[in-house]
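Starting from the known structure of chain A, arrange chain B on it as the hints suggest.
Chains as they are written, first to last, in UniProt numbering: chain A, 1 to 496; chain B, 1 to 496.
Hint data in this document are derived by calculation from the structure and do not stem from the laboratory. C-beta: ideal position from N, C-alpha, C; glycine also. Incorrect hints may have been included.
Here are the in silico distance ranges between beta carbons for each label pair [as the list claims (entries may be wrong)]: (1) A:A273 with B:A188: 56 to 64 Å; (2) A:L296 with B:E26: 27 to 35 Å; (3) A:A273 with B:E182: 40 to 48 Å.
A short, non-exhaustive set of chain B residues, derived as facing chain A with CB atoms under 8 Å [what the hints assert, rightly or not]: (4) D5; (5) P14; (6) L24; (7) D30; (8) H35; (9) P67; (10) H71; (11) S217; (12) G225; (13) D245; (14) G250; (15) F255; (16) I258; (17) F480.
Partner residues aside, some chain A positions facing chain B, computed with beta carbon under 10 Å [claimed, not checked]: (18) Y3; (19) A22; (20) D25; (21) A29; (22) R33; (23) S75; (24) L102; (25) H103; (26) E106; (27) H108; (28) A252; (29) E324; (30) D331; (31) V455; (32) L459.
2 protein chains.
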Amino acid sequence: MSYFDAASSLPLHPVARQALLAALDEGWADPGRPHREGRRARMLLDAARESAAEAVGCRPDELHFTPSGTHALHSGVAGALAGRRRVGRRLVVAAVEHSAVLHAAEAHERIGGSVRQVGVDRAGRVDPREFAEAVGAGSTGAGGAGATGGAEGAGAAAGGAAGLACLQSANHEVGTVQPVEEVADACAEAGVPLLVDAAQSLPWGPVPGSWSLLAGSAHKWGGPGGVGLLVVRKGTRFAPQGPVDERESGRAPGFENIPGIVAAAASLRAVRAEADAETARLRELTALIRARVPELVPDAEVVGDPERRLPHLVTFSCLYVDGEALLHALDAAGFSVSSGSSCTSSTLTPSHVLRAMGVLSEGNVRVSLPPGTEEADVERFLQRLPEAVASVRGRVPGVRADAGGAAGGGMTLGGGGGTGGAAGGEVTVDARGKRCPVPVIELAKVVGRLPEGGVVTVLADDEAAALDIPAWCEMTGNTFEGRDGESYRVRRVAGA
Amino acid sequence: MSYFDAASSLPLHPVARQALLAALDEGWADPGRPHREGRRARMLLDAARESAAEAVGCRPDELHFTPSGTHALHSGVAGALAGRRRVGRRLVVAAVEHSAVLHAAEAHERIGGSVRQVGVDRAGRVDPREFAEAVGAGSTGAGGAGATGGAEGAGAAAGGAAGLACLQSANHEVGTVQPVEEVADACAEAGVPLLVDAAQSLPWGPVPGSWSLLAGSAHKWGGPGGVGLLVVRKGTRFAPQGPVDERESGRAPGFENIPGIVAAAASLRAVRAEADAETARLRELTALIRARVPELVPDAEVVGDPERRLPHLVTFSCLYVDGEALLHALDAAGFSVSSGSSCTSSTLTPSHVLRAMGVLSEGNVRVSLPPGTEEADVERFLQRLPEAVASVRGRVPGVRADAGGAAGGGMTLGGGGGTGGAAGGEVTVDARGKRCPVPVIELAKVVGRLPEGGVVTVLADDEAAALDIPAWCEMTGNTFEGRDGESYRVRRVAGA
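This is chain A alone, in the form it adopts within the complex:
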């Protein structure tokens, strides 16, 4: 069994386990009490705070332990926005932020604030100039020097400086590293605090630059569940929301989980000690996956920035594959991976990250290697993957065998097949009521049978089609001619 879902959660690091056991005996009392058990608990808490602060690169009194990374993001966004309520109520976020940030943004909108999402390129990366412009940098400061970037830029800068900007250090689904340092500089110049969601990158190193707030989550670095951290740098205006509580400087209510905190701090220190060596090693293993998957699996696309990326994470999508079915096939083959595919999400919409990138969401697989993963494990994965994909492609639910005579065991859909039995230059495929990847599969079946320049109109009401049909065209070289409601037009290109 190989666990390749480190970006979701890691097993407890052995050092964390030892620290936890010790702290269970010493750290159970209320650190707010003056008796000796309370003082002992307080000492453990203080020591953990110092250790974590050193790893993060901040002062101990700037670091607050929270019950989760999600809690840190929720309370960090709300507190920073409330602290600057009179300055600006616009929240700027990257479109590919973790859902915890996007949900905090929705909550901000519900109380009357505004939110500006900054898009990303096909690799999932924000343009630092566009981001800076959205924040309001350049509208004050050096007149006319920078900032005429994206099409939406000019309009967004209107309204003065933002209340808060949020940018992840690296993306959790595709591993792309964001230009945090540049953006932080621009934010600092504009006087806008930047909150960095560092959940995915914190195990690998501190976040450089002049950010104002930072959030992290211990179970991503081998610490236990139930521990997050929120850093609020001195000088950052911050007004905690919700009921008052005196614990963690008023920034995380409730009795402190000291054994968990102690274990989290110990684990962060331990993974950092191994970070350089593991970065080099895992980067090679993920490079191997990036290179080999497109060779091994027909109609697969590796997504995310090929260079500016997390060392341990690689994501790819496979055409004509139901993502959930592929996860199950890989699980049965002994590999635990994750997916941003629409078909596994409880909301039945495609991953907002893949959508913002404009890449295929079908048959999406995220491989995130835990420290210590061996090359042999990765080789075994690459060996079993093609078979898993083929098995799923062979049994996509809802594909009718009578839909046009195509397919069969070894499907080679979408490739350069002949013109087959299609009657004329214009065909309509009705895939309404069918979930991804069926619309694309039905599209692929008929395109191959059209003459060059022939047009397929796909009727589809699954929102994922809006992402997957254009992405399929981009991958296969056919032309996407546009969408009108539930109707998508695709023109065949010869040799595609």
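Only chain B this time, still in chain A's reference frame:
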């Protein structure tokens, strides 16, 4: 060393420790993922939920694990009030609720809601009729039958049914058990949900009655820190506040702390198995303390209901004693206890619980015995207590030896001393700028030297004086004649 602060936090129960260790290996993955590690974590979470629900007396799908008891109370109050926003925006709470409830009430006021605090008797208990009336029970339903109770009652019932009522199952500072079942019936009849803070009583048994919401905290029953629970019974309107999150049915955002949850559930089951035997045993030990403290310590008062009380908790106050100094003296003598005294609180105001009860807050000590406490430990405590109190009484900071010639090593203040050197029938003591217990000590010094009917005017700006001067009069038999700003009038009663 004897740890007598169980009501703050308990060491991890051995059963919880075992469960935690096992769950560290099995429960670290994301229970929302479909791979086998995720499914294994989900199974542990589901089993813990079933076990906890059985102990609480609810359905598993009504019980949500939260990061703390405080979090459960904050989100429970906010969610229940938001769910009934259109019905009623009045929140009714007992004046002696835990600060987490009172802080949630303040937050409700900040967003435009109203709060009605229902007072308690000198034992710390609410009158169920008065509480029901404040909730609005009786304003609908059986016309004119009940409800003419307290002085504030009639006015408070105006405005129809409340949005939510909160009543603790038992008080955390004095151990008084509240009439939850009666109040729950009245609330149910009025159609108002009742949220029960069961943090202190849950180790001893389920909360009976038709309550709608319930909160608890695992570290109070030998579970780990970082785990609380919120029960929302089916049919209770509930609208979670803050950013959306899909975990724990949307009622507790953030990655679940599954090892902690598993340990918490195991511990609750374990303490319940021992609850009957421990209840009987500890009840005798606390009865011993209740009976002996007033005999052993001059000018000490045991507070809280003598019968309707938690088995393991007893609280007393000692005149002329600085609470913090007494805690340190007891700590040095090997006993870890707690205090609701003004002098130990970071806010420098007396415990709101003692204030609501109208009892002395000076030199307050809460003894809460962990399961397994031996009679010999309690005997040792009773043996050392008088010496600890005497040592602190001998060195109260800020008492000037020149203030009137009284005192010395073995102070017998406030008792029936002679008329001493006081000049006339009216004396003013200026204790402004001095913190408790100094104002009462200076009062006691001069009263003894006045003739019967003589009056002392105490000038004091420490808010605790407003509680302690009347309480001192009640204890010593002198007459409290009233307060005018910072001026308090006390008349000497002969023999007092």
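Numbers of the earlier hints that this structure fails to satisfy, in rising order: 3, 5, 14, 17, 19, 31 and 32
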